[in-house]
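Residue numbers (our numbering), protein chains in the order written: chain A, 1099 to 1352; chain B, 1099 to 1352.
Treat the hints with care, as some may be off.
Calculated pairs, SDA-like style, for lysine to any residue (alpha carbon to alpha carbon, straight line, at most 25 angstroms) [stated by the list, open to error]:
#, chain 1, residue 1, chain 2, residue 2
1, A, K1226, B, T1223
2, A, K1131, A, Y1114
3, A, K1226, B, P1295
4, B, K1119, B, L1130
5, A, K1131, A, N1349
6, B, K1226, A, K1131
7, B, K1226, A, R1253
8, B, K1226, A, N1349
9, B, K1226, A, G1116
10, B, K1351, B, P1295
11, A, K1226, B, K1119
Hints in this document: simulated from the structure, not taken from any laboratory.
Protein chains: 2
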Amino acid sequence: MKNYKGYLIDLDGTMYRGKEKIEEAGDFVHRLKDNGIPYLFVTNNSSRRPEQVAEKLQNFDIPAAPEQVFTTSMATASYIYERKNDASIYVIGEEGIRNALEEKGLSLVDENPDFVVVGIDRSITYEKLALGCLGVRNGAVFISTNGDIAIPTERGLLPGNGSLTSVITVSTQTEPIFIGKPESIIMEQALEVLGVPKEDTLMVGDNYHTDILAGMNAGLDTLLVHTGVTSEEDLKRYDKQPTFTIGSLSNWKI
Amino acid sequence: MKNYKGYLIDLDGTMYRGKEKIEEAGDFVHRLKDNGIPYLFVTNNSSRRPEQVAEKLQNFDIPAAPEQVFTTSMATASYIYERKNDASIYVIGEEGIRNALEEKGLSLVDENPDFVVVGIDRSITYEKLALGCLGVRNGAVFISTNGDIAIPTERGLLPGNGSLTSVITVSTQTEPIFIGKPESIIMEQALEVLGVPKEDTLMVGDNYHTDILAGMNAGLDTLLVHTGVTSEEDLKRYDKQPTFTIGSLSNWKI
Chain A
1099 MKNYKGYLID LDGTMYRGKE KIEEAGDFVH RLKDNGIPYL FVTNNSSRRP
1149 EQVAEKLQNF DIPAAPEQVF TTSMATASYI YERKNDASIY VIGEEGIRNA
1199 LEEKGLSLVD ENPDFVVVGI DRSITYEKLA LGCLGVRNGA VFISTNGDIA
1249 IPTERGLLPG NGSLTSVITV STQTEPIFIG KPESIIMEQA LEVLGVPKED
1299 TLMVGDNYHT DILAGMNAGL DTLLVHTGVT SEEDLKRYDK QPTFTIGSLS
1349 NWKI
Chain B
1099 MKNYKGYLID LDGTMYRGKE KIEEAGDFVH RLKDNGIPYL FVTNNSSRRP
1149 EQVAEKLQNF DIPAAPEQVF TTSMATASYI YERKNDASIY VIGEEGIRNA
1199 LEEKGLSLVD ENPDFVVVGI DRSITYEKLA LGCLGVRNGA VFISTNGDIA
1249 IPTERGLLPG NGSLTSVITV STQTEPIFIG KPESIIMEQA LEVLGVPKED
1299 TLMVGDNYHT DILAGMNAGL DTLLVHTGVT SEEDLKRYDK QPTFTIGSLS
1349 NWKI
């Protein structure tokens, strides 16, 4: 088996399940760290800043600096900045996406934006959706941080950002550009941050439709770990299989 | 030309445009009334009670009793009542739909509903959408009062109920049953309330995709009036044409 020189790693379902640590995942990251292998956590969660994500990982005794966290909010901000470095943006979303856009020096506006960005927003209102629709109808480029249709919680599956995004998609009959996994946009940026060539990098995650497809779409080898969304049974239904499949990250030799 | 014995009539774009009366429309309804021809206003607007709709028409000097208004909220309530007369319902929506369901004696609940109903709700919250998704995932029948993607306002086109509904459709991957125009469900019920056989009834409206298709789907003759959404240019693009087309209702002989 190939010795990978870098790892892109998913969070929820791979490192932890909600508020519960996945024990073997912590050991796996400690082994990466001890062996000096670069790794970057790649998440579709747009709601939190990288510092907050790193802190959560540290609380689970998983070694993670803020620089080792790459969120779809950061990918979204970079994507826009590269296209228009003084863009005005109408954003629907929480702290993570607002912060990432402002850190790039982009201006947040309510009217006549160059871009409309939708990330998960648990304080969504009709007025926010209305401003998003008006922006897109007036010609703003429509961007969604990620297309996840549901968020697993202790209450069950709650609406994900892909479902909130659909209000604007359906109302304006305009498809957004999705940034997060399984799209290549976030992966290409993450590879650049990681600094390891793609042929030497492994994408690790629990969700076939986001993590594994993201790896495949970006031309990476992939490792599916059955500690989250995609079960062994689920996996049998798909034509394109991950490069590797394991039950737990303790079985993975680095 | 046939003498129709009953009329089903759309409101916005046909009787008025937002807060502005369409002058010829009022004269047309006065002629219907003077000739003793039954008519019923049929609207996809689920937010108001029939008394409120009638009052708005009366303020434009258009003769309308509350019994001459048939809303998609009333159609939704009847549709559910006929299937389960003691149904429990989780409803997203405004006064019109809540009132219509309660008038049928149906009980409104937050958890474990038999039906999830979505109508336009300008006080939408993430929690309401979450409860809707949880209800549908737990097996509730998913109903939407109407699929209109946008609402014309002085600010522009704002999100319509079809776009709000899509949050639950996308998140749960479950298609709703739509009740309002262009579906036949509302039309069959409206015909029953009007009490005139369908072959003697004309459907009048300004919107090809809702009013005219609703008439066609229910097997009615249709009259498209160009005082609202669908222009003469638009109309040329469609294969199936309305039975009649006019610029203004003052040109319509009853």
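So, going through the hints one by one against the coordinates:
| no. | hint | result |
| --- | --- | --- |
| 1 | A/K1226 to B/T1223 | 11 angstroms, holds |
| 2 | A/K1131 to A/Y1114 | 18 angstroms, holds |
| 3 | A/K1226 to B/P1295 | 45 angstroms, violated |
| 4 | B/K1119 to B/L1130 | 18 angstroms, holds |
| 5 | A/K1131 to A/N1349 | 17 angstroms, holds |
| 6 | B/K1226 to A/K1131 | 44 angstroms, violated |
| 7 | B/K1226 to A/R1253 | 14 angstroms, holds |
| 8 | B/K1226 to A/N1349 | 43 angstroms, violated |
| 9 | B/K1226 to A/G1116 | 22 angstroms, holds |
| 10 | B/K1351 to B/P1295 | 20 angstroms, holds |
| 11 | A/K1226 to B/K1119 | 30 angstroms, violated |
Hint check: violations occur at hints 3, 6, 8, 11; the rest are consistent with the structure.
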